[in-house]
Amino acid sequence: MGMSRRQLLRFGAAGSAAVLVGTSAASSSRLRTARLAGGDPFALGVASGDPTPDGVVLWTRLAPDPLAPDGHGGMTNAPVTVEYEVAHDEGFRQVAARGSAVATRELAHSVHPEVNGLEPDRWYFYRFRAGSAISPVGRTRTAPAAGQAMRRLRFAFASCQSWSSGYFTAYEHMSREDLDLVVHLGDYIYEQSWIHARVGTAPDPDVAGEAMDLRGYRLRYAQAKAEAPLQAAHAAFPWLTTMDDHEVDNNWAGDTPGLGFDIYAIPALFRRRRAAAFQAMYEHQPLRVAQMPSGPNILLHRRFRFGDLAEITMIDTRSYRSPLACNDGKAVADCEARYATGRTILGSRQRDWLVDGFRSSPARWQVIGNQVPMARSDYDPGAAVELGTDSWDGYVADRNTVLGAAADHGVRNLVVITGDRHENVVADLRRDHSDLESAIVASEFIGTSITSRGDGVDLTPAARQVLATNPDLKFSNSQRGYVRVELDHGLWRSDFRVVPYVRRPGAPIHTRASFVVRDGVRGVVAASTPDPASDTAALPAPDSPGPR
Numbered sequence: 001m002g003m004s005r006r007q008l009l010r011f012g013a014a015g016s017a018a019v020l021v022g023t024s025a026a027s028s029s030r031l032r033t034a035r036l037a038g039g040d041p042f043a044l045g046v047a048s049g050d051p052t053p054d055g056v057v058l059w060t061r062l063a064p065d066p067l068a069p070d071g072h073g074g075m076t077n078a079p080v081t082v083e084y085e086v087a088h089d090e091g092f093r094q095v096a097a098r099g100s101a102v103a104t105r106e107l108a109h110s111v112h113p114e115v116n117g118l119e120p121d122r123w124y125f126y127r128f129r130a131g132s133a134i135s136p137v138g139r140t141r142t143a144p145a146a147g148q149a150m151r152r153l154r155f156a157f158a159s160c161q162s163w164s165s166g167y168f169t170a171y172e173h174m175s176r177e178d179l180d181l182v183v184h185l186g187d188y189i190y191e192q193s194w195i196h197a198r199v200g201t202a203p204d205p206d207v208a209g210e211a212m213d214l215r216g217y218r219l220r221y222a223q224a225k226a227e228a229p230l231q232a233a234h235a236a237f238p239w240l241t242t243m244d245d246h247e248v249d250n251n252w253a254g255d256t257p258g259l260g261f262d263i264y265a266i267p268a269l270f271r272r273r274r275a276a277a278f279q280a281m282y283e284h285q286p287l288r289v290a291q292m293p294s295g296p297n298i299l300l301h302r303r304f305r306f307g308d309l310a311e312i313t314m315i316d317t318r319s320y321r322s323p324l325a326c327n328d329g330k331a332v333a334d335c336e337a338r339y340a341t342g343r344t345i346l347g348s349r350q351r352d353w354l355v356d357g358f359r360s361s362p363a364r365w366q367v368i369g370n371q372v373p374m375a376r377s378d379y380d381p382g383a384a385v386e387l388g389t390d391s392w393d394g395y396v397a398d399r400n401t402v403l404g405a406a407a408d409h410g411v412r413n414l415v416v417i418t419g420d421r422h423e424n425v426v427a428d429l430r431r432d433h434s435d436l437e438s439a440i441v442a443s444e445f446i447g448t449s450i451t452s453r454g455d456g457v458d459l460t461p462a463a464r465q466v467l468a469t470n471p472d473l474k475f476s477n478s479q480r481g482y483v484r485v486e487l488d489h490g491l492w493r494s495d496f497r498v499v500p501y502v503r504r505p506g507a508p509i510h511t512r513a514s515f516v517v518r519d520g521v522r523g524v525v526a527a528s529t530p531d532p533a534s535d536t537a538a539l540p541a542p543d544s545p546g547p548r
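Here the UniProt record's numbering is used: the first residue of the sequence shown is 1, the next is one more, and so on.
Each hint should be verified, as a subset may be incorrect.
Said to hold, decoys possible - What follows is a list of derived Cβ distance ranges for each label pair:
#: 1; residue 1: A78; residue 2: A268; range: 43 to 53 Å
#: 2; residue 1: E437; residue 2: R359; range: 22 to 32 Å
#: 3; residue 1: G342; residue 2: H489; range: 32 to 42 Å
#: 4; residue 1: D213; residue 2: G523; range: 45 to 55 Å
#: 5; residue 1: R518; residue 2: A228; range: 15 to 25 Å
#: 6; residue 1: S360; residue 2: A439; range: 18 to 28 Å
#: 7; residue 1: Q94; residue 2: W194; range: 24 to 34 Å
#: 8; residue 1: W194; residue 2: D458; range: 20 to 30 Å
Simulated from the structure, these hints should not be mistaken for lab results. No residue lacks a Cβ here, since even glycine has one placed at the ideal position from N, Cα and C.
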């Protein structure tokens, strides 16, 4: 499975682990002249993420043969020096920073250089070089300085991209949006393929079955990141990323695996599986050394401030949660365990950290990057109450604590952005969801999937019933796509961008609906939807560069 975190941190004297994780330069001539086997070593593209006012983390992985069956991407055992440049211009005439990092077999020849000393709130361009090969050019942006006056912030959020379920066309459209960053809320890969719905392709036998070990997870990430639309979206903007369940195992919770019946349900073996999944995730995402996993543990909850306008708090609702109540996460009635005060979806330390942020943040908008729906969803149209247990409905005490703290600390505008559900949903969040007279304290926007569950439809009969049963749910749509957000000091606007199909490539995109939250006003309201003709985008012809 490669080196442990401790071994990595003790590696060598010239740059120590910082070299291995791509945060320091190396000068060995043997590394600099290492030969690269096969084709383009940058076949998985480039990425950046976790922006601060003075820097970002960059990412690439050398993989001339991304789906090589051994999971090493066609690379040999030798470490390779990877140089990087960051510039003010796309032609790299005004270089702002340069350095090098060492790509090693232990981390699948990935590098994560953390670039500091940049100017706040600025666009930069970056690229890598390995031997004579030069990577595609990426574009990134630093965050505004703390307290800096901001006119607006624009970002998109996405989740749930089962490769086998369809084409990543939505990312091709996203890469052409006018955004400052992208937030990914989990299920970046799926540990297995339940269906193969991509018209014109056949399942890859080397990525068949369920990922259980490091090789399996690496191949899943390589399969996803080899997709040109996903590469384009990564190259266009910095990303904030977290995980949900499918990066490891469907509906896993803390030390408890999902309900698959295999040897990895044994706790010790599940921890080994989780360690492999976390390592592969780190190897393929623009994450800092602080997020490098230590065996079956990883630190993914963190905060990002954007001037005087917004603070985005990324949380982890998988690593520290109590086991699911009553069943495997499906909707169930008469489950008193969901209300137990000792049950947690965040863990006590993360929950306290989240609540402390409510008290101390000066941001106009506080945003929680969340994995599973926080809003209450009763699936029984009658008198009974039927709630899922994998979402916050299965962890009522934590939900009441978090939303109650937001109210008690006078959070001006709390907005929760969420993935997982494979449909677009808009909801008001109450201090106590069992009481419809309880105060509304926050808003939730749940984004649909990129591909999961295939093409989708506008409104399913089941979703129509849930809307009728739950007055706090304002909208539902089950097509595929992402959510585009624009906020300023007076208004938050969410545009639900959807494509009509994903089973084949080339789908156009349009805004299905838009909702707004006004500064200091509790509750979500519908916006006037743009004329579909003016807000519909088709993909450019194959030889056309398209807008940026």
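key: Hint check for D458 and W194 - Cβ pair distance inside 20 to 30 Å   = Distance hint for W194, D458 holds at roughly 23 Å.
inquiry  = Looking only at beta-carbon atoms, does the pair R518, A228 fall within the given range of 15 to 25 Å?
reply    = violated (39 Å)
ask   = If you check the beta carbons of E437 and R359, does the distance land in 22 to 32 Å?
value = Given a distance of about 27 Å, which is inside 22 to 32 Å, the answer is holds.
ask   = CB of D213 to CB of G523, is that within 45 to 55 Å?
value = holds (47 Å)
query = Lying within 43 to 53 Å: is that true of the beta-carbon distance A78 to A268?
reply = Violated: the Cβ-Cβ distance is about 34 Å, outside 43 to 53 Å.
inquiry  = Is 32 to 42 Å respected by the C-beta to C-beta distance linking G342 and H489?
reply    = holds (41 Å)
ask   = Are Q94 and W194 spaced within 24 to 34 Å by their CB atoms?
value = violated (49 Å)
ask   = If you check the beta carbons of S360 and A439, does the distance land in 18 to 28 Å?
value = holds (22 Å)
In this structure, the hints that do not hold are numbers 1, 5, 7, in rising order.
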